[in-house]
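Numbering-wise (the numbering used here), the sequence shown opens with residue 1 and increments by one.
Keep in mind the hints are simulated off the structure, nothing from the lab.
Hints may be right or wrong, so weigh each one.
[What the hints assert, rightly or not] Here are the computed lysine-lysine pairs in the PhoX-like style, where the Cα-Cα straight-line distance is at most 25 Å: (1) K116 / K128; (2) K80 / K118; (3) K118 / K128; (4) K118 / K95; (5) K116 / K80; (6) K108 / K118; (7) K25 / K80; (8) K80 / K128; (9) K108 / K128; (10) K25 / K95; (11) K95 / K128; (12) K128 / K25; (13) K95 / K80.
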Amino acid sequence: MSTPLTDRFDTVVWQYLMLSLYGFKRRIVKNGQDSPDADSVSDSEILIISPWISDIENKKMKLRLPLADMVSQVVGREMKSLTILLIELARAGAKVGLMTAPLDHPYKRDFNEYQKSKEREMLERLSKRGVQIRLSETNHAKIISTPVGVMSGSANITDNGFYINTELMNLVPRNERGFDQ
Numbered sequence: 001m002s003t004p005l006t007d008r009f010d011t012v013v014w015q016y017l018m019l020s021l022y023g024f025k026r027r028i029v030k031n032g033q034d035s036p037d038a039d040s041v042s043d044s045e046i047l048i049i050s051p052w053i054s055d056i057e058n059k060k061m062k063l064r065l066p067l068a069d070m071v072s073q074v075v076g077r078e079m080k081s082l083t084i085l086l087i088e089l090a091r092a093g094a095k096v097g098l099m100t101a102p103l104d105h106p107y108k109r110d111f112n113e114y115q116k117s118k119e120r121e122m123l124e125r126l127s128k129r130g131v132q133i134r135l136s137e138t139n140h141a142k143i144i145s146t147p148v149g150v151m152s153g154s155a156n157i158t159d160n161g162f163y164i165n166t167e168l169m170n171l172v173p174r175n176e177r178g179f180d181q
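Throw the hints in and build the complete structure from the sequences for me.
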């Protein structure tokens, strides 16, 4: 059953990503290469899909202390931004993929050069650290898929999408009965 989240979904996103990182570091999450269904999302995949994306900072919310402490102890640093978190997931063995619109796409026509350079730097940094980057002219979906669960809805992966605009995200935990359907 899908759970709609209109408030505080940013907390759930950070928790799902950090729980996934903890699972990879502690070898709790299994490598999905043995998945019988090649079309399904394997246990080792993290997918971030949004036409607009920025390096969201984890400054406006407080994770439950035990989770933040566990991840910081295992990784050796705090997860202060999306870029750091995705890089650490890739280093821990996750197959991390990110899809967004190209910088010259009409979606981003209002971006100034500073915004474009920040996004370009973020994508280059992620690519150099093992995150697979795909650019799509037609995608408008906003999805975050982790071994813990999947979120989809209206929120772009930006500060506006996470902290400012009114958005709706649907959450489906992977351990939910019937998830694979």
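Quiz item: Honestly, which of those hints from before does the structure not fit?
Solution: When the structure is compared with the hints, none of them turns out to be violated.
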